[in-house]
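Asks: So the sequence lines, in the order shown, correspond to chains V and S. Adding 2 to a residue's 1-based position in the first sequence gives its number in this note's numbering. Adding 1 to a residue's 1-based position in the second sequence gives its number in this note's numbering.
Take the hints with a grain of salt, since some may be wrong.
Unchecked claim - For each label pair, taking beta carbons as the anchor points, the in silico distance ranges come out as:
{"no.": "1", "chain 1": "V", "residue 1": "79", "chain 2": "S", "residue 2": "237", "range": "25 to 31 Å"}
{"no.": "2", "chain 1": "V", "residue 1": "14", "chain 2": "S", "residue 2": "80", "range": "31 to 37 Å"}
{"no.": "3", "chain 1": "V", "residue 1": "33", "chain 2": "S", "residue 2": "14", "range": "45 to 51 Å"}
{"no.": "4", "chain 1": "V", "residue 1": "43", "chain 2": "S", "residue 2": "31", "range": "56 to 62 Å"}
{"no.": "5", "chain 1": "S", "residue 1": "85", "chain 2": "V", "residue 2": "78", "range": "29 to 35 Å"}
{"no.": "6", "chain 1": "S", "residue 1": "39", "chain 2": "V", "residue 2": "48", "range": "46 to 52 Å"}
{"no.": "7", "chain 1": "S", "residue 1": "27", "chain 2": "V", "residue 2": "219", "range": "26 to 32 Å"}
{"no.": "8", "chain 1": "V", "residue 1": "93", "chain 2": "S", "residue 2": "242", "range": "18 to 24 Å"}
{"no.": "9", "chain 1": "S", "residue 1": "227", "chain 2": "V", "residue 2": "11", "range": "42 to 48 Å"}
{"no.": "10", "chain 1": "V", "residue 1": "26", "chain 2": "S", "residue 2": "33", "range": "53 to 59 Å"}
{"no.": "11", "chain 1": "S", "residue 1": "234", "chain 2": "V", "residue 2": "11", "range": "53 to 59 Å"}
{"no.": "12", "chain 1": "V", "residue 1": "48", "chain 2": "S", "residue 2": "31", "range": "55 to 61 Å"}
{"no.": "13", "chain 1": "V", "residue 1": "93", "chain 2": "S", "residue 2": "14", "range": "17 to 23 Å"}
It is worth saying that the hints were derived from the structure and are not from the lab. Built from N, CA and C at the ideal position, the CB exists for glycine as well.
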Amino acid sequence: MSETMAVFRKDLRLAWRDRSAWLSAAAFAAITVLTYSFAFDLATQDVRPLLPGVLWTTFLFAGILANGQSFQREAEQGTLDAMLLSPVSPTAIYVGKVLTNVVGLLTVEVAVLLLATILFGTTLLTLELSLIVFVGTIGYVSLTTLLATLGSRARARAVLLPVLALPLLVPMLIAAVRATGASLGDPVGTAPWMLLLVVFAMWTSIGGALLFPMVTER
Amino acid sequence: MTAGLASLAARAYGLRWRVLPPLTGVAMLAMLIGAVLAAPREVIEGEVQRLMYIHVPSATIGMYGSIGVVFVASAMVLWKRDMRWDAVARGAATVGVLFTALTLLTGAIWGRPVWGVYWAWDARLTSTLVLFLIYCGYLLIRQIADPHDEQTARYAAVFAMIGALDIPLINMSVRWWNTLHPQPIVVRPLGDEALPTEMLIVLLVGTVAISLLVAWLIVLRTETELAAQRIHGLRAGVDRREAS
Chain V
3 MSETMAVFRK DLRLAWRDRS AWLSAAAFAA ITVLTYSFAF DLATQDVRPL LPGVLWTTFL
63 FAGILANGQS FQREAEQGTL DAMLLSPVSP TAIYVGKVLT NVVGLLTVEV AVLLLATILF
123 GTTLLTLELS LIVFVGTIGY VSLTTLLATL GSRARARAVL LPVLALPLLV PMLIAAVRAT
183 GASLGDPVGT APWMLLLVVF AMWTSIGGAL LFPMVTER
Chain S
2 MTAGLASLAA RAYGLRWRVL PPLTGVAMLA MLIGAVLAAP REVIEGEVQR LMYIHVPSAT
62 IGMYGSIGVV FVASAMVLWK RDMRWDAVAR GAATVGVLFT ALTLLTGAIW GRPVWGVYWA
122 WDARLTSTLV LFLIYCGYLL IRQIADPHDE QTARYAAVFA MIGALDIPLI NMSVRWWNTL
182 HPQPIVVRPL GDEALPTEML IVLLVGTVAI SLLVAWLIVL RTETELAAQR IHGLRAGVDR
242 REAS
């Protein structure tokens, strides 16, 4: 546990020192919301049926963009090898990374929700929606952080990560969009979307923690 | 006893190139004749129903069978750390993608006259498409990265296992998602009414033919990969000797 917290603190400090990565993800998210507004004419129409989809595609794209860089600098500077050599379990490294990415993305997502609240005149920062965003973010960040370990080995990594991650995230995207719609008062049927989100988050975080040592083994 | 069985299996495997290609050829020919000539014309759907004899085996044996092989071989890559299992996984993944594409294609051709559309956002179709995309991603990893890098092999194995474990969640989510949409056509499940005996026999022949074809292709792809691995190893050895 203390190992995990040490890695988490180290990664948070690095993220804070190099804010440009997260600022660019936040800027990308803001631009995406604006682009959707123009493309779907969200400002003048009833936005509620479209809003959950707009929010979650924005979160996913920004998240994959930001998480793709999780190991890039580490791989370039050889610090990942150093960390793997140190007496810290790989699982602690993975959990620390995931926690850092979750904190960074939750910040971006809250900013997007505030922006959308202002732009579309719909109250979005409710307790229910915050919970959905939190669980959904844990689910997809666990997966994209694991997949980001392809690191600097592959050329064209920037294109590869979304192509690999998005099909796997289909269940999470559907559940998150429906649950968000439900919290905004849309008729979305009676399927237990929240349960699916929780199951997905548990599955990806446990699977990621178990498989990460195998991926990074030298 | 086990030694005898092992030597028997080894001898049977040694005969693969003499047995598999002609047997596959005969079975495929039998399937075609059966599907086009012998099987009775379906009363409601007409001639297009004859696609069933290739569509159903492609989905069950070609798609799910190959993906099962990929899953087991990927687990063995992670467990045994043996690159020979990686060759099996790569070979089966290629064959799996091929037959998944074939399943989607024959399904679309069959769907057009029967349902009125090539594609429907039906739960089974949608999850097959997502599966297709996941395994295309798997092949993409192998194409982009160095094929002989063990770490990439492990990464691909982890990806394949996540993909396989994701299938139940994808199925469930897509089914729930789909119930919200209006159903434009009624999909008639195959098992609803018992197939006439002649159709069943042709379907059985088709299943045998596709099974043989899948086995042949997987063995062929795997041995090609193994040969590539050996060449890579030999070349690395020569390079080392020249350098020293």
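Asks: If a hint holds in the structure, say so; if it does not, say that too.
Replies: Against the structure, the hints come out as follows:
no.: 1; hint: V:79 x S:237: 25 to 31 Å; result: holds, 28 Å
no.: 2; hint: V:14 x S:80: 31 to 37 Å; result: holds, 35 Å
no.: 3; hint: V:33 x S:14: 45 to 51 Å; result: violated, 58 Å
no.: 4; hint: V:43 x S:31: 56 to 62 Å; result: holds, 59 Å
no.: 5; hint: S:85 x V:78: 29 to 35 Å; result: holds, 32 Å
no.: 6; hint: S:39 x V:48: 46 to 52 Å; result: violated, 59 Å
no.: 7; hint: S:27 x V:219: 26 to 32 Å; result: violated, 46 Å
no.: 8; hint: V:93 x S:242: 18 to 24 Å; result: violated, 41 Å
no.: 9; hint: S:227 x V:11: 42 to 48 Å; result: holds, 47 Å
no.: 10; hint: V:26 x S:33: 53 to 59 Å; result: holds, 57 Å
no.: 11; hint: S:234 x V:11: 53 to 59 Å; result: violated, 44 Å
no.: 12; hint: V:48 x S:31: 55 to 61 Å; result: holds, 60 Å
no.: 13; hint: V:93 x S:14: 17 to 23 Å; result: violated, 40 Å
Hints 3, 6, 7, 8, 11, 13, counting from the list given before, are not met by this structure.
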